[in-house]
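K.L.:
Based on the sequences and whatever the hints tell you, model everything.
Listed here are the chains, written in short residue letters.
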Amino acid sequence: FEMECRVLSIQSHVVRGYVGNKSATFPLQVLGFEVDSINSVQFSNHTGYAHWKGQVLTAEELNVLYEGIKLNNVNHYDYILTGYTRDTSFLETVVDIVQELKRLNPKLVYVCDPVMGDQGSMYVPENILPVYRDKVVAVADILTPNQFEAELLTGRTISTEKDALDVMELLHQMGPDTVVLTSTDLTSPHGDQFLVALGSQKMVRPDGSKSTQKIRIEMPKVDAVFVGTGDLFTAMLLAWSHHHPNDLKAACEKTVSVLHHVIKRTITYANGMAGPGKRPNPAQLELRMVQSKKDIEDPDIVVEATIL
Amino acid sequence: MECRVLSVQSHVVRGYVGNKSATFPLQVLGFEVDSINSVQFSNHTGYAHWKGQVLTADELNVLYEGIKLNNVNHYDYVLTGYTRDTSFLETVVDIVQELKRLNPKLVYVCDPVMGDQGSMVSIPYDDVDEGSLLSQVMDLLHQMGPDMVVLTSTDLISPHGGQFLVALGSQKMVRPDGTTSTQTIRMEMPKVDAVFVGTGDLFAAMLLAWTHHHPKDLKAACEKTVSVLHHVIKRTITYANKMAGPGKRPSPAQLELRMVQSKKDIEYPAIVVEAIVL
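Protein chains in written order, with the working numbering: chain A, 1 to 308; chain B, 309 to 586.
Since the hints were derived computationally from the structure, they do not count as laboratory data.
In this text the structure is predicted, and so the values were computed from the model without any measurement.
For each residue, glycine too, the CB sits at the ideal point set by N, CA and C.
Misleading hints may appear alongside valid ones.
[What the hints assert, rightly or not] From the derived model, a few chain A residues whose C-beta atoms are all more than 12 Å from chain B:
no., residue
1, Q119
2, D134
3, A224
4, S257
5, T306
[Claimed, not checked] Here are the simulated DSS-like pairs of lysine-lysine, each with C-alpha atoms no more than 27 Å apart in a straight line:
no., chain 1, residue 1, chain 2, residue 2
6, A, K293, B, K542
7, A, K293, B, K572
8, A, K202, A, K102
9, A, K294, B, K542
10, B, K376, A, K53
11, A, K221, A, K264
12, B, K572, A, K70
[What the hints assert, rightly or not] Where chain B lies over chain A, by a calculated footprint (3+ residues, C-beta under 8 Å):
no., segment
13, 40-49
14, 288-297
P.N.:
Structure (structure tokens):
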């Protein structure tokens, strides 16, 4: 059976490596999605290397590309996917595009990773926050903030699991029916080698009443800095929630499992390349994406989400 | 497999030409593909409208410089296609030369895209000696540089009739004793009554992949390459005709290659063509 599902992904392009569109596109394609990709930048590689060089797309140039698609009457999408963006007018143009695409297809799902920072510090200009908070989140359907980004968007602090659930409820009210806190500082019952993620999905029952499924999911921590894993997570959440639209538990278990396999393969390779006792460098730590094709297509489930 | 390709081609937001056509198939076959997008357009230029931006030769240099500064300018293959700008193309040549100094075994796969259906050589249909004229052309091309030449399409008439497209290939090899030999092949592909875009880019990418696996067997490499093209085109025309409806010619949008749907054929192509060794 041939799936007919078209994604518009607006993210960075790097010549070498796997972040942004490079991280999202191949996995979605192997899962049978048609991916139209607008590259918001073209850089030699991600900014964790010693050097990086390239060019950025302006809001105007983004408009021009969208205009081409529109003039040909092919501006019909089932999903939109966005990630790391540094420019407020670019992000505002994205919102305009999302709104128009939603008018053309009311069932369109906007999967938004509101990338702003991590571990208490912002790595985008501060003026991006109000655009996400006041304009983008309102049109998002699936939102994948980390704890820090969720705190920024809601103005709240998260110290306990209850705090996190409250923040996710606030985010629901701001727009998205599905919210996944992709990482938190919460302590896992299994110990501090585990990273806790939480998810919440609002659904409408057949009788019209509403329900919310809340889950907790834990992933073993890996002692390395990976880049592009967030982009892969969001892309795979798009894919697996497409197949499990009313089952956040199943969608998240598959998504997290894919991440696990890709990360494990990557760290094994990276350590092998670096040699004993040496920390791998950013080039060696690039995700082993093409080598993980089978895990992407048919992930072994290695994690169980707890329904809260 | 540990094999890295630098592909310098167009990017289109929608559809499958240039890097969009080459990258996914190479990735599913396990190649690492580093891609420099020479342009970013909304779609290919066969649609009613197209819009976008081009990369200058300077910007190409800047991107390569980033790769070089990080000491990751090590490639097994370079792949290029449609280019309109002379200084861009000259910069590509500089990059290829530097990459070859760093890796003398690097293989540069070049599709010299310039035009079609305007041949300067006129071949009488009833007097062609196994395309001997084109064999001479391929020999000349060998002397100019490449050890492998594939004439991806010709106006030769197939012995099987006018519904077949004839392609020719020639590979120079060095025998263990140091003497050179040339394998020349002919292949025929059923013609399809439609204009496809991106098939040439897919062909070049798949020829890269299958000659990698069959470095001394042009026959096998070309049979796999042509077979992949056949499956993708067949799936595409079936879909396009269905979308257009009975009696209607499909549009460029409908004729976009069914690339992601053809993943299994790309991975494990059923061989549907036999190349004849000449």
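K.L.:
Evaluate each hint against the coordinates.
P.N.:
Hint check results:
no., hint, verdict
1, Q119, "holds, 25 Å"
2, D134, "holds, 28 Å"
3, A224, "holds, 18 Å"
4, S257, "holds, 21 Å"
5, T306, "holds, 34 Å"
6, A:K293 x B:K542, "holds, 25 Å"
7, A:K293 x B:K572, "holds, 12 Å"
8, A:K202 x A:K102, "holds, 20 Å"
9, A:K294 x B:K542, "holds, 26 Å"
10, B:K376 x A:K53, "holds, 10 Å"
11, A:K221 x A:K264, "holds, 11 Å"
12, B:K572 x A:K70, "violated, 32 Å"
13, 40-49, "holds (count 5)"
14, 288-297, "holds (count 4)"
Going through the hint list in order, the structure does not satisfy hint 12, though it satisfies all others.
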